[in-house]
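Peer 1: From just these sequences and the hints, can you work out the full model?
Chain by chain, the residues run as shown.
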Amino acid sequence: MTDIAPPSATAEDYLAQTRRKRLYGAILLAIFVAMMASGFRLADARNAGGFFEGLHRFFDFPAEIFSEAIAKWQNIPGLLWRYLPSLIETLNIAAVSTLIGGIAAIVLALLSTRGLSLWPRAIPVFRRAMDVMRALPEIVVALVLIFLLGVGPVPAMAAIALHTMGALGKLFSEVAENADLKPVEGLGSTGASWFQQMWVGVLPQVAPNWSSYALLRFEINIRASAILGFVGAGGIGYDLKTALQWGQGRYDAVVAIFALLFATIILVDHFSDRARARLVRGATAKEGRI
Amino acid sequence: MRLEFRHVSKVFGSKAAVDNVSLSIEGAGFIGVIGRSGAGKSTLLRMINRLGDASSGQILFDDADILALSGRDKRDWQARCAMVFQQFNLVPRMDVASNVLHGLLGRRSTLSTLFNLWSEADIRRALGILDRLGIAEQAAKRAEALSGGQQQRVAIARALMQDPAIILADEPIASLDPMNAQVVMDALKRIQVEDGRMVIANLHTLDTARRYCDRVIGMRDGRVVFDGRPDQLTTGVARDIYGADASFSEAATSTEIGALGDDQEYAAAMLGD
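Line by line, the protein sequences are chains A and B.
The first sequence begins at 1 in the numbering used here and counts up by one.
The second sequence begins at 1 in the numbering used here and counts up by one.
Take these hints with a grain of salt, some might be off.
[Claimed, not checked] Restricting the straight-line Cα-Cα distance to at most 30 Å, the calculated cross-link-like pairs of lysine-lysine (DSBU-like) are:
#1 A:182 with B:189
#2 B:15 with A:182
#3 A:72 with A:241
#4 B:74 with B:189
#5 B:74 with B:15
#6 B:141 with B:189
#7 A:170 with A:182
#8 A:182 with B:74
#9 A:182 with B:141
[Said to hold, decoys possible] Stretch-level coverage of chain A by chain B, calculated; a stretch enters the list once three of its residues show a Cβ under 8 Å from a Cβ in chain B:
#10 182-191
#11 201-209
These aren't lab readings, by the way, just hints derived from the structure by calculation.
In this text the structure is predicted, and so the values were computed from the model without any measurement.
Beta carbons: idealized from backbone N, C-alpha and C, even for Gly.
Peer 2: Written out as structure tokens, the structure is:
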């Protein structure tokens, strides 16, 4: 075997191209490093205190919490039991808002999908509506609702459901865009209504992917619901805030609450990962059979 | 039972897919619409079912203008005017019997659709129709697990479930192999004769039209260029319909079922599978 020598002109071109690419890469890297450095310096300078002066406290605080929790370790099981109802409240908020938001998202998604929409001209309207719902952070909506409706789980539910509507609606619509329209047309030819065409013709096609996205959203909503507790929406987030504000003497409670939250999130992540893998893999396996 | 077209046109952009078609079809019979791809056959059929709207003109059924229907009335008409598609258009992930029952959707409430509640009488009727088409044993399988020929028979069963005045078949055998094509065409013909229905089928080839139709309508560039009995389909007429390209005309007359001949044993074997 002998190597075939390429035409020298081609080789030169290629080498020149390689050098150019390397140069661009180096310039990009330099810009990136410069921006990082200047951004950090700016943030550090504007900070009350300073990053490096405060750095040691970053580790002091958890150390303080854990040393107290370890000293009072016999309290922990009792505290876990005591905060369990709050955890269930947080999970409830997440579940109800995922459900309400998901059902509304189905309607919004179908109405904003080309080829499926009942009013094709109104598609941009529904899309923009979902954009707005997604753009508003849950915490802002929750704060406004708490101001209007008072402290409690209902404002949190409404806030999370609103955000879920926008987020799931977009994902659902993207799945529905890939749905096969032939069954829909077939049902339409028999005189089926729009609702019947969607329910019978589209839903069986998109259900696995939609459920998968809804489960993923449920995970996200658990975290959101815990955070909303901080602004007075009830659940375990509220207990965590109270315990943290109390400071020394209540750190065993902080650790117990963190343990509950971590365990829940890890468990839900694990099980929903498996469920989602089965939903989606099952669906593709069936498609492969056609 | 009388279907009448009065100066019907359908324009896409600047091109007329159907150009000023006037014709009338009376009573039961097997009517074939033939022509090249893009001749306007599908557009014509879809307008009858209201899957596509006409740009101008009238389509009358028993003197009622079906192009003027909307909402509930339109759906009632669609329920009486069943459609069979080239790609079957079944719900692939649902079982065969459910797909047949979908023929009743146009007459059912939202609530009963939501919970998928079919009466035992309806289910028995659906299974009876499947039995008539020779695929009763497939009733519990998913539609996607069936062969093309079987799926098309499920689609015909769905059409029959609608108990329609008219069955429209849009290229019912164009995606099937010759054997399955013959089984499907035989089924359509038998239904037409036994039930005394009006069947209008878009067909690609002269040969199939000659074999099965009582009347043939030839279309070219959106216009009706032939309307008569199948035995009037001469080579000259074929040239009118398919164009001057003689080799194309030849090909059009000798494919699909024609190649299979009259081998009844073959057909019987296919029906038995």
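Peer 1: All hints are to be evaluated individually against the structure, with a verdict given for each.
Peer 2: Verification of the hints:
Proximity of residue 182 of chain A to residue 189 of chain B is assessed by CA-CA distance (about 25 Å); at most 30 Å being required, the pair is judged to hold. Between the alpha carbons of residue 15 of chain B and residue 182 of chain A the distance comes to roughly 25 Å, so the proposed pair stays at or under 30 Å and holds. The hinted pair formed by residue 72 of chain A and residue 241 of chain A meets the criterion: a straight-line CA distance of about 20 Å does not exceed 30 Å. A distance of roughly 27 Å separates the Cα atoms of residue 74 of chain B and residue 189 of chain B; the hinted pair therefore holds under the 30 Å criterion.
Between residue 74 of chain B and residue 15 of chain B the alpha-carbon distance is near 27 Å, which keeps this suggested pair within the 30 Å criterion. Distance restraint check for residue 141 of chain B and residue 189 of chain B: the Cα-Cα separation of roughly 26 Å lies within the 30 Å cut-off, and the hinted pair is therefore satisfied. For the proposed pair residue 170 of chain A and residue 182 of chain A, the alpha carbon gap of about 23 Å is at most 30 Å, so the pair holds. Pair hint residue 182 of chain A plus residue 74 of chain B holds up; C-alpha atoms about 20 Å apart against a cutoff of 30 Å.
Distance restraint check for residue 182 of chain A and residue 141 of chain B: the Cα-Cα separation of roughly 19 Å lies within the 30 Å cut-off, and the hinted pair is therefore satisfied. Judged by the Cβ-Cβ criterion of 8 Å, the stretch 182-191 of chain A is covered by chain B as claimed, because 9 of its residues qualify and three suffice. Here's how the stretch 201-209 of chain A fares: 3 of its residues keep a CB closer than 8 Å to some CB of chain B, so the rule of at least three is met and the hint holds.
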